[in-house]
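Enquirer: Work the whole structure out from these sequences, hints included.
Respectively, the protein sequence lines represent chains F and E. Throughout the first sequence, residue numbering follows full-length UniProt numbering, covering 1 to 328 in sequence. Throughout the second sequence, residue numbering follows full-length UniProt numbering, covering 1 to 328 in sequence.
Because the hints were derived from the structure by calculation, they are not lab data. Each hint should be verified, as a subset may be incorrect.
No copy is singled out in the list; a pair is fine if it fits within one copy or between any two copies.
[Unchecked claim] Taking lysine to any residue pairs in the SDA-like style, the calculated list, with each CA pair at most 20 Å apart, reads:
hint : residue 1 : residue 2
1    : Lys194    : Cys204
2    : Lys194    : Leu208
3    : Lys194    : Pro234
4    : Lys194    : Ala24
There are 2 protein chains.
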Amino acid sequence: MDKLIEAIARSGNPSVVGLDPTPALIPSQLMPTPGKDQNTAGTQPAHVDDGDDADRARSLADAYLRFNRAVMEGVQGIVPAVKPQIAMYEALGQEGVRAYIRSCALAQEMGFSVIGDIKRGDIGSTASAYASHLSGVPGGRGSSPWHEDAITVNPYLGSDGITPFAQAAEASDTDLFVLVRTSNPSSGEIQELKTEDGRAVYECVADLVSEWGRESIGEHGYSRLGAVVGATHPQAGRSLRARMPHTFFLIPGYGAQGGSAQDVAAMFDDHASGALVNSSRGIIGAWRTSEGYSPDMSVEEACDTVSQCARAAAISMRDTLLAALDAR
Amino acid sequence: MDKLIEAIARSGNPSVVGLDPTPALIPSQLMPTPGKDQNTAGTQPAHVDDGDDADRARSLADAYLRFNRAVMEGVQGIVPAVKPQIAMYEALGQEGVRAYIRSCALAQEMGFSVIGDIKRGDIGSTASAYASHLSGVPGGRGSSPWHEDAITVNPYLGSDGITPFAQAAEASDTDLFVLVRTSNPSSGEIQELKTEDGRAVYECVADLVSEWGRESIGEHGYSRLGAVVGATHPQAGRSLRARMPHTFFLIPGYGAQGGSAQDVAAMFDDHASGALVNSSRGIIGAWRTSEGYSPDMSVEEACDTVSQCARAAAISMRDTLLAALDAR
Numbered sequence: 001m002d003k004l005i006e007a008i009a010r011s012g013n014p015s016v017v018g019l020d021p022t023p024a025l026i027p028s029q030l031m032p033t034p035g036k037d038q039n040t041a042g043t044q045p046a047h048v049d050d051g052d053d054a055d056r057a058r059s060l061a062d063a064y065l066r067f068n069r070a071v072m073e074g075v076q077g078i079v080p081a082v083k084p085q086i087a088m089y090e091a092l093g094q095e096g097v098r099a100y101i102r103s104c105a106l107a108q109e110m111g112f113s114v115i116g117d118i119k120r121g122d123i124g125s126t127a128s129a130y131a132s133h134l135s136g137v138p139g140g141r142g143s144s145p146w147h148e149d150a151i152t153v154n155p156y157l158g159s160d161g162i163t164p165f166a167q168a169a170e171a172s173d174t175d176l177f178v179l180v181r182t183s184n185p186s187s188g189e190i191q192e193l194k195t196e197d198g199r200a201v202y203e204c205v206a207d208l209v210s211e212w213g214r215e216s217i218g219e220h221g222y223s224r225l226g227a228v229v230g231a232t233h234p235q236a237g238r239s240l241r242a243r244m245p246h247t248f249f250l251i252p253g254y255g256a257q258g259g260s261a262q263d264v265a266a267m268f269d270d271h272a273s274g275a276l277v278n279s280s281r282g283i284i285g286a287w288r289t290s291e292g293y294s295p296d297m298s299v300e301e302a303c304d305t306v307s308q309c310a311r312a313a314a315i316s317m318r319d320t321l322l323a324a325l326d327a328r
Numbered sequence: 001m002d003k004l005i006e007a008i009a010r011s012g013n014p015s016v017v018g019l020d021p022t023p024a025l026i027p028s029q030l031m032p033t034p035g036k037d038q039n040t041a042g043t044q045p046a047h048v049d050d051g052d053d054a055d056r057a058r059s060l061a062d063a064y065l066r067f068n069r070a071v072m073e074g075v076q077g078i079v080p081a082v083k084p085q086i087a088m089y090e091a092l093g094q095e096g097v098r099a100y101i102r103s104c105a106l107a108q109e110m111g112f113s114v115i116g117d118i119k120r121g122d123i124g125s126t127a128s129a130y131a132s133h134l135s136g137v138p139g140g141r142g143s144s145p146w147h148e149d150a151i152t153v154n155p156y157l158g159s160d161g162i163t164p165f166a167q168a169a170e171a172s173d174t175d176l177f178v179l180v181r182t183s184n185p186s187s188g189e190i191q192e193l194k195t196e197d198g199r200a201v202y203e204c205v206a207d208l209v210s211e212w213g214r215e216s217i218g219e220h221g222y223s224r225l226g227a228v229v230g231a232t233h234p235q236a237g238r239s240l241r242a243r244m245p246h247t248f249f250l251i252p253g254y255g256a257q258g259g260s261a262q263d264v265a266a267m268f269d270d271h272a273s274g275a276l277v278n279s280s281r282g283i284i285g286a287w288r289t290s291e292g293y294s295p296d297m298s299v300e301e302a303c304d305t306v307s308q309c310a311r312a313a314a315i316s317m318r319d320t321l322l323a324a325l326d327a328r
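Expert: If you want it as structure tokens, here you go:
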């Protein structure tokens with residue numbers, strides 16, 4: 001986790017921007033021109049051709065990439081990392097995956113650390129294949145075709161679903177974040193189940209993550225295996241901070257989902273390190289509440305507005321977080 | 001689950017072939033020509049260009065697609081479904097995703113039901129985006145860019161990570177399989193944790209899956225929300241069969257991973273329905289132990305051998321399964 005920690009220190013900002021575009025989050029100027037797709041809603045024929053949807057997917061994917069570029073131009077020099085959520089891109093099929101990979105590559109070129117929010121997880125041999133996200137094409141020279149510096153993974157399959165990722169991270173000097181306590185309302189259905197020995201399931205997972213990371217603790221005291229801990233569970237976050245002293249936290253759920261700066265401040269260590277707070281809609285959707293934006297703008301003007309609003313929102317989030325950390 | 005159950009009945013074969021290619025599982029004739037990639041192992045430069053790996057990824061992706069076509073030509077008319085494991089394709093980046101989608105589309109054209117083994121799962125808004133795997137491009141006409149008839153999903157995030165998939169499955173007449181008890185050795189680390197009320201975590205998940213599926217029980221008595229239950233846990237499988245009478249099982253772990261025909265037979269219902277057994281290496285790798293294969297063969301001859309061996313292995317697996325079901 002050393003490289004990420006150093007990037008955070010250089011920027012003086014423990015936050016990451018979620019690059020999670022949706023049709024509702026990008027200015028209308030960037031959207032595919034409304035065609036018959038929109039006008040035939042409700043009169044869908046029994047057999048449809050892929051053609052129209054493929055065109056729409058390609059146009060949307062291009063729009064997502066352009067939008068991401070505008071966001072990143074805005075927050076460059078302010079935030080150390082971006083976290084593209086691959087689901088938003090997979091929604092567009094192959095063209096979306098292309099936009100995801102190109103967004104990651106562009107982010108790395110622009111100097112961001114890229115956390116691929118892919119939440120993969122599978123049995124050992126399959127996890128090894130997924131681990132190519134970090135370690136590269138099988139039999140190749142080690143350059144990852146995905147351009148990610150870290151990825152998120154799901155722990156439900158246990159250690160042999162994690163070990164291949166951990167090995168790939170070690171070999172490629174990259175990092176993992178394992179889901180421990182997610183930010184969504186129903187996350188407790190499984191994660192908060194109490195086990196016989198009194199621990200909740202998420203605490204058992206936390207202990208496994210600490211154990212899995214023991215061999216990879218870096219110069220700054222944190223292992224390559226981080227944990228995803230939602231801002232919406234401040235008490236759990238505080239107790240996990242104490243429980244997992246060598247585990248770096250990736251914290252989703254700040255802002256739009258309800259987590260406050262005070263909530264997340266308690267999940268940092270005593271040196272105001274040990275955590276990275278994600279905001280997606282609050283940054284990339286900031287243009288939507290700006291008086292500076294108008295639907296009559298050109299594409300270039302709309303992208304400039306996206307950049308400026310994202311930058312202002314990222315600065316505001318940084319200052320709020322730093323103030324909350326100072327006030328502890 | 002009605003369409004899948006009817007396809008199984010038509011073929012008289014409750015098995016599915018896992019399309020999980022790896023470099024080791026495809027004949028050398030199909031592999032990219034060994035170039036300097038292979039010869040520079042151990043002398044990897046500090047900064048590598050993506051170029052060589054991108055070429056290798058493209059060649060391997062083409063090889064995977066050709067290999068899958070050979071396998072499917074062999075098992076056509078014998079097995080009702082194929083289950084491509086997307087990790088094997090993601091290992092090749094964007095080119096691999098292209099081969100995955102083209103394999104799925106080809107499988108559908110050839111009359112197979114396609115179960116995308118993608119094990120996705122995320123918070124609600126993100127799960128909605130992933131659900132486009134089934135329901136199509138946002139704002140489009142509903143044709144999925146992934147060409148899947150069902151997908152596997154991960155339950156760790158609870159019901160709001162599953163509901164969007166269930167809704168998409170309902171809208172697009174497709175199915176889900178939720179991970180309940182996976183086949184891998186370390187799966188018990190989380191799944192077998194005992195909770196306060198005496199249930200194991202996987203039993204709690206099983207009960208949630210039954211609950212989530214209650215609204216979508218079809219003509220044949222099974223809901224759209226199936227469960228993944230590994231053949232390597234025969235006792236758990238038997239008890240889950242009784243516990244989840246309306247949940248169809250997708251059973252990995254048969255053959256290479258150690259599950260026997262007797263083990264899986266106990267996971268079917270009294271009418272020899274209610275489950276679909278996967279085999280990957282046992283079918284797609286059958287050519288490797290065949291006397292009919294020679295490394296001197298042409299590409300066409302090698303593909304024919306792959307087809308014939310896959311067909312023979314699929315028939316043998318079918319007959320073994322049916323005999324075990326008869327013998328109950």
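Enquirer: Each hint needs a verdict: does it hold in this structure or not?
Expert: So, going through the hints one by one against the coordinates:
no.	hint	result
1	Lys194 x Cys204	both (10 Å within a copy, 11 Å between copies)
2	Lys194 x Leu208	both (16 Å within a copy, 16 Å between copies)
3	Lys194 x Pro234	within (18 Å within a copy, 26 Å between copies)
4	Lys194 x Ala24	neither (39 Å within a copy, 43 Å between copies)
Hint violations for this structure: number 4 only, all remaining hints satisfied.
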